[in-house]
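Undergrad: Sequence:
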Amino acid sequence: MEPNEKKPYNDGIETIFPTLQKEYEGEENRNKHLETKVQVLLAVSGVLASALMLLLKAIVDSAGPKATILIILSHSFLFLIAAIISFLLAFRIKTFKQIAHNALLSDKAFQMDKQEVMYNLSHDYYECIKYNAEAAGSKVRLIKFGSVLMIISIIFLVIAFGHISYNIINKERSNFMAKDNENKTGNTGSNQTGTNSEHSESVIRGGRVYDSERGGYNKGPGFGTQPLEKSESGLKEK
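Each residue of the sequence shown is one higher than the last, beginning at 1 in the numbering used here.
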């Protein structure tokens with residue numbers, strides 16, 4: 001290159017190139033993070049779907065009111081299916097544009113000077129960053145949408161568990177109150193029987209019947225009752 005010949009590229013490319021290179025690496029790491037996140041969310045969704053299926057089967061096989069619970073669980077299941085579809089669409093976006101390294105190793109590339117190579121690489125980095133940012137943005141939107149759907153599904157699932165717990169508590173309380181009423185009824189009957197037997201207790205003494213309720217001796221059938229008077233020596237007939 002002649003001393004007075006104008007350089008095809010200025011020195012600013014040496015500042016731009018490292019920035020674009022770091023941005024490209026950042027997008028690559030971001031894409032890996034999003035793929036890992038999608039895999040985790042799909043695994044969580046699978047666990048929730050299995051739990052919902054088992055719970056639905058248990059509710060269908062159980063006795064008692066189940067219409068409300070089944071409706072709630074059905075909504076939870078539908079939202080979860082929609083979330084899984086969203087995660088699968090995000091997982092499907094795997095295209096990540098990379099630098100064409102084969103072009104860097106061509107004979108033409110070896111004949112270029114440093115600034116020209118850096119310029120070409122900077123252009124390639126920019127195109128890759130632009131494409132990868134759009135792909136990552138689409139993936140992020142699908143992940144966010146699926147996450148919202150999964151949260152709604154979990155809310156419905158919590159409501160269903162609350163409804164089931166409420167029914168169980170009400171059933172146990174009803175059984176407890178029924179048993180308590182039975183015990184009270186049995187105790188009342190026993191007390192009445194004991195009181196009647198105590199008041200009607202009679203003791204036969206010397207051929208005559210002493211009525212503790214009336215406080216006297218019966219002379220016999222049809223003779224009535226003679227009340228007793230208290231004296232210093234004891235009880236005597238009046």
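Careful: at least some of the hints might be erroneous.
What the hints assert, rightly or not - With a straight-line Cα cutoff of 20 Å, these simulated PhoX-like cross-link-like pairs (lysine-lysine) come out:
{"id": "1", "residue 1": "K144", "residue 2": "K94"}
{"id": "2", "residue 1": "K114", "residue 2": "K22"}
{"id": "3", "residue 1": "K171", "residue 2": "K66"}
{"id": "4", "residue 1": "K94", "residue 2": "K66"}
{"id": "5", "residue 1": "K144", "residue 2": "K32"}
{"id": "6", "residue 1": "K32", "residue 2": "K94"}
{"id": "7", "residue 1": "K114", "residue 2": "K32"}
{"id": "8", "residue 1": "K171", "residue 2": "K22"}
{"id": "9", "residue 1": "K37", "residue 2": "K171"}
{"id": "10", "residue 1": "K32", "residue 2": "K130"}
{"id": "11", "residue 1": "K37", "residue 2": "K94"}
{"id": "12", "residue 1": "K97", "residue 2": "K66"}
These aren't lab readings, by the way, just hints derived from the structure by calculation.
Undergrad: None of the hints should be skipped; say for each whether it holds.
TA: Each hint tested on the structure:
1. Restraint check: the Cα-Cα separation between K144 and K94 comes to about 17 Å, which is no more than 20 Å; the hinted pair holds.
2. Restraint check for K114 and K22: satisfied, since their Cα atoms lie roughly 19 Å apart, inside the 20 Å limit.
3. For the given pair, K171 sits about 14 Å from K66 by alpha-carbon distance, which is consistent with the 20 Å threshold.
4. This hinted pair does not check out: K94 and K66 have alpha carbons roughly 43 Å apart, beyond 20 Å.
5. Our distance criterion of 20 Å between C-alpha atoms is met by K144 and K32, whose separation comes to about 17 Å.
6. Between K32 and K94 the alpha-carbon distance is near 10 Å, which keeps this suggested pair within the 20 Å criterion.
7. Taking the CA atoms of K114 and K32, the gap is about 31 Å. The hint is violated against a cut of 20 Å.
8. A threshold of 20 Å between alpha carbons decides the hint, and for K171 with K22 the separation of about 64 Å lies outside it, so the pair is violated.
9. Distance restraint check for K37 and K171: the Cα-Cα separation of roughly 43 Å exceeds the 20 Å cut-off, and the hinted pair is therefore not satisfied.
10. For the given pair, K32 sits about 17 Å from K130 by alpha-carbon distance, which is consistent with the 20 Å threshold.
11. As the CA atoms of K37 and K94 are separated by approximately 13 Å, the hinted pair is consistent with the 20 Å bound.
12. Restraint check for K97 and K66: the C-alpha separation of about 52 Å exceeds 20 Å, so the hint is violated.
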